[in-house]
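Using the numbering used here, the first residue of the sequence shown is number 28, and each one after it goes up by one.
The hints are simulated quantities; they were obtained by calculation from the structure and are not laboratory data. Among these hints, one or two may not hold up.
Unchecked claim - Heads up, simulated DSBU-like pairs for lysine-lysine below, C-alpha to C-alpha not over 35 angstroms straight-line:
1. Lys-190 with Lys-101
2. Lys-211 with Lys-167
3. Lys-239 with Lys-101
4. Lys-387 with Lys-416
5. Lys-475 with Lys-284
6. Lys-190 with Lys-470
7. Lys-495 with Lys-409
8. Lys-387 with Lys-349
9. Lys-101 with Lys-115
10. Lys-190 with Lys-88
11. Lys-284 with Lys-526
12. Lys-470 with Lys-101
13. Lys-470 with Lys-88
14. Lys-416 with Lys-475
15. Lys-349 with Lys-470
16. Lys-349 with Lys-499
17. Lys-284 with Lys-239
18. Lys-416 with Lys-499
Claimed, not checked - Computed Cβ-Cβ distance ranges for the label pairs, DEER-style:
19. Trp-385 with Asp-427: 21 to 31 angstroms
20. Asp-404 with Gly-384: 19 to 29 angstroms
21. Lys-349 with Lys-211: 18 to 28 angstroms
22. Asn-461 with His-91: 53 to 63 angstroms
23. Glu-81 with Gln-290: 23 to 33 angstroms
24. Thr-287 with Ile-393: 45 to 55 angstroms
25. Lys-349 with Leu-444: 34 to 44 angstroms
26. Ser-120 with Ser-438: 44 to 54 angstroms
27. Asp-427 with Leu-342: 21 to 31 angstroms
28. Lys-211 with Ser-438: 44 to 54 angstroms
29. Lys-317 with Pro-214: 16 to 26 angstroms
30. Ser-181 with Gly-384: 24 to 34 angstroms
31. Leu-342 with Asp-238: 31 to 41 angstroms
Glycine included, each C-beta is placed from N, C-alpha and C at the ideal position.
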Amino acid sequence: MIIYDFPANQMSDVLCAKFLTLKSMDCEENKLCLGIDLGTTSVKTCLIGGDNMEILHSISKPSHADIQSDLGTKGSEQDPILILKTLKQCLESIPATQKQLINTICITGQMHGVILWSDQAVKQNFGKIFEDIEGNNSSKETSNLYTWQDQRCSSEFLSSLPKPDSHLPLSTGYGCATMIWLSKHQPDILSRFGNSGTVMDFLVAGLCGLDKPITSVQLAASWGYFNTKEMSWNFSQLTECGLHVDLLPYVVCPGHKAGTLQQVWCGISPGVTVLAALGDVQCAVYSVLKSQQDAVLNISTSCQLAFPVRNDELLPLTADSKCPVQYFPYFEDSYLAIAASLNGGNVLANFVSMLQGWMKCFGCNIEDDKVWDTLMDLSINKTNSQTMKVTPTLFGERLDPQLAATISGISPDNLDLGTLFRSICCGLLDNVSNMMPVSFLEKNSINKLIGSGSLLSRNEVMRQEVIKHYGKLTVEFGNSCDSATGAAMYAVRYCREHK
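All chains should be modelled from the sequences, with the hints used to inform the complete structure.
The structure is reproduced here in structure tokens:
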């Protein structure tokens, strides 16, 4: 059975059901909860009414925060000031009367990445960052954001490091791996700073004026060298690597109150509760999950297929970097079984950019929307494109960072653009299905797949490919779920529990 759910200007049935479930557990009457998602390519905010669980305001803006790394394509860095500038623009779009009613803020965003900052960045300069965000990051108080896409840690480098005391392996792009690399190759960068965290942790520290950053176990686990059962960093291994462990943030459980807003922030009053930051995958799943028999396929910049598990016995005893399914902390002492691919919408976006570059060589400038619309029209009915095989691992994978994209089966009768684009979309789903096949989901009593994310909501070809690969399950599509919404919903839950 296939369920299509794209209502105009209203919440999906999935979210409606979730809201109705929570309705009897409202926050303080007339108080609102704000969810913030600091994503890889965009910043999103979602405001939910605590009295009736209504989404009152939601907006997303591209951050355009990528900057050139001194390592070239091996590095992936962003300007944190541009991310905060985009967030400010999102907050300014919320009506003043609504901002005055906000009483809880929950922040989520891109996992794995790391930013470093000095004590002065919080104590003196953070307020200025928000009041006067004009240029790029010229502050000496913060580093660039090293993102989850960073490839500076080669397989050889990672294999030279101590084995983590964790059920989760270490990969390039993970916060601890990046900092260890910096400590060995660019120690002057680490020596300038006294704190580290995800970009979300940096925001929380600044809003609350924290002397020491706080992160949640969801984000700590995404950095590597963290034991989730003991709730502890692998201090001995990190020290052996030469990393100063006092850089690391304190780790708390989801739902921990990090502090309160210390000053007026874009019209939001001081004293508002700020929760410890959460992982974007966890929040995205939380926004739509209704049953323990549901799995969520989220495809936006990257791709994740996940479902919750409560049986700790399923967790591997030691880290296995070759296993395509990893178990990350979720909520209420449960875990998410996640097949996380580094390849998703970013592959298609690069394909579009390549086409535009080719066209410019012939003096043609074609806008993004025109390219996407044309690709959709050309590929929508290309159902017999199996002769061309595309392995679209353009950005490698965590289990094999050296993977490259390949194309095979090219013949004179399949060189049209529609077939090529369809084959790339098929390849993306082939890649996910190889990581977590439908048989694995069925074995774990999953009977429904919920498709979410910007790529699925905008791309009918991708939805067709999902059905082709996972059609044995009930497949449900909806475009109202995202990490910002999940963060806001979790803030509502916090209000309910602390009313």
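The hints, checked one at a time:
This hinted pair checks out: Lys-190 and Lys-101 have alpha carbons roughly 24 angstroms apart, not beyond 35 angstroms. At roughly 21 angstroms between alpha-carbon atoms, Lys-211 and Lys-167 fall within 35 angstroms of each other, so this suggested pair holds. For a cut-off of 35 angstroms, the pair hint linking Lys-239 to Lys-101 stands: about 31 angstroms separates their Cα positions. Restraint check for Lys-387 and Lys-416: satisfied, since their Cα atoms lie roughly 28 angstroms apart, inside the 35 angstroms limit.
For the hint linking Lys-475 to Lys-284, the alpha-carbon distance of about 34 angstroms falls within 35 angstroms, and the restraint holds. For a cut-off of 35 angstroms, the pair hint linking Lys-190 to Lys-470 stands: about 31 angstroms separates their Cα positions. For the suggested pair Lys-495 and Lys-409, the alpha carbons sit about 13 angstroms apart, so the restraint of at most 35 angstroms is met. Distance hint between Lys-387 and Lys-349 is unfulfilled; the C-alpha atoms sit about 41 angstroms from each other, more than 35 angstroms.
Taking the CA atoms of Lys-101 and Lys-115, the gap is about 30 angstroms. The hint holds against a cut of 35 angstroms. Between Lys-190 and Lys-88, the direct Cα distance comes to roughly 40 angstroms. Violation of the 35 angstroms bound is thereby established for this hinted pair. Annotation: proposed proximity of Lys-284 to Lys-526 holds, straight-line Cα distance about 14 angstroms (limit 35 angstroms). A C-alpha spacing of about 38 angstroms is found between Lys-470 and Lys-101, which places the hinted pair above 35 angstroms, so the restraint is violated.
With a C-alpha separation of about 39 angstroms, the suggested pairing of Lys-470 with Lys-88 is violated against the 35 angstroms cut-off. Taken as a hint, the Lys-416 and Lys-475 pair is honoured in the structure, with Cα atoms around 28 angstroms apart against an allowance of 35 angstroms. Restraint check for Lys-349 and Lys-470: the C-alpha separation of about 21 angstroms stays at or below 35 angstroms, so the hint holds. With a CA separation close to 27 angstroms, the supplied pair Lys-349 and Lys-499 stays within the 35 angstroms bound.
Only pairs whose Cα atoms come within 35 angstroms are accepted, and Lys-284 paired with Lys-239 is accepted, the gap being roughly 14 angstroms. Distance restraint check for Lys-416 and Lys-499: the Cα-Cα separation of roughly 23 angstroms lies within the 35 angstroms cut-off, and the hinted pair is therefore satisfied. A beta carbon spacing of about 29 angstroms between Trp-385 and Asp-427 agrees with the range 21 to 31 angstroms that was offered as a hint. Between Asp-404 and Gly-384 the beta carbon distance is about 21 angstroms. The supplied range of 19 to 29 angstroms therefore holds.
For Lys-349 paired with Lys-211, a C-beta distance near 25 angstroms keeps the hint of 18 to 28 angstroms intact. Checked against the hint of 53 to 63 angstroms, the pair Asn-461 and His-91 fails, with Cβ atoms roughly 33 angstroms apart. Range check, Glu-81 to Gln-290: Cβ separation about 29 angstroms, and the 23 to 33 angstroms hint holds. Taken as a hint, the range 45 to 55 angstroms holds for the pair Thr-287 and Ile-393, whose Cβ atoms sit roughly 49 angstroms apart.
Between Lys-349 and Leu-444 the beta carbon distance is about 36 angstroms. The supplied range of 34 to 44 angstroms therefore holds. The given range of 44 to 54 angstroms is respected by Ser-120 and Ser-438, whose C-beta atoms sit roughly 51 angstroms from each other. Separated by about 22 angstroms at the C-beta atoms, Asp-427 and Leu-342 satisfy the suggested range of 21 to 31 angstroms. The hinted window of 44 to 54 angstroms between Lys-211 and Ser-438 holds, with their beta carbons roughly 48 angstroms apart.
Between Lys-317 and Pro-214 the beta carbons are some 49 angstroms apart, a value that contradicts the proposed interval 16 to 26 angstroms. For the hinted restraint 24 to 34 angstroms between Ser-181 and Gly-384, the CB-CB distance of approximately 28 angstroms keeps it satisfied. Look at Leu-342 against Asp-238: about 34 angstroms separates their beta carbons, and that is inside 31 to 41 angstroms.
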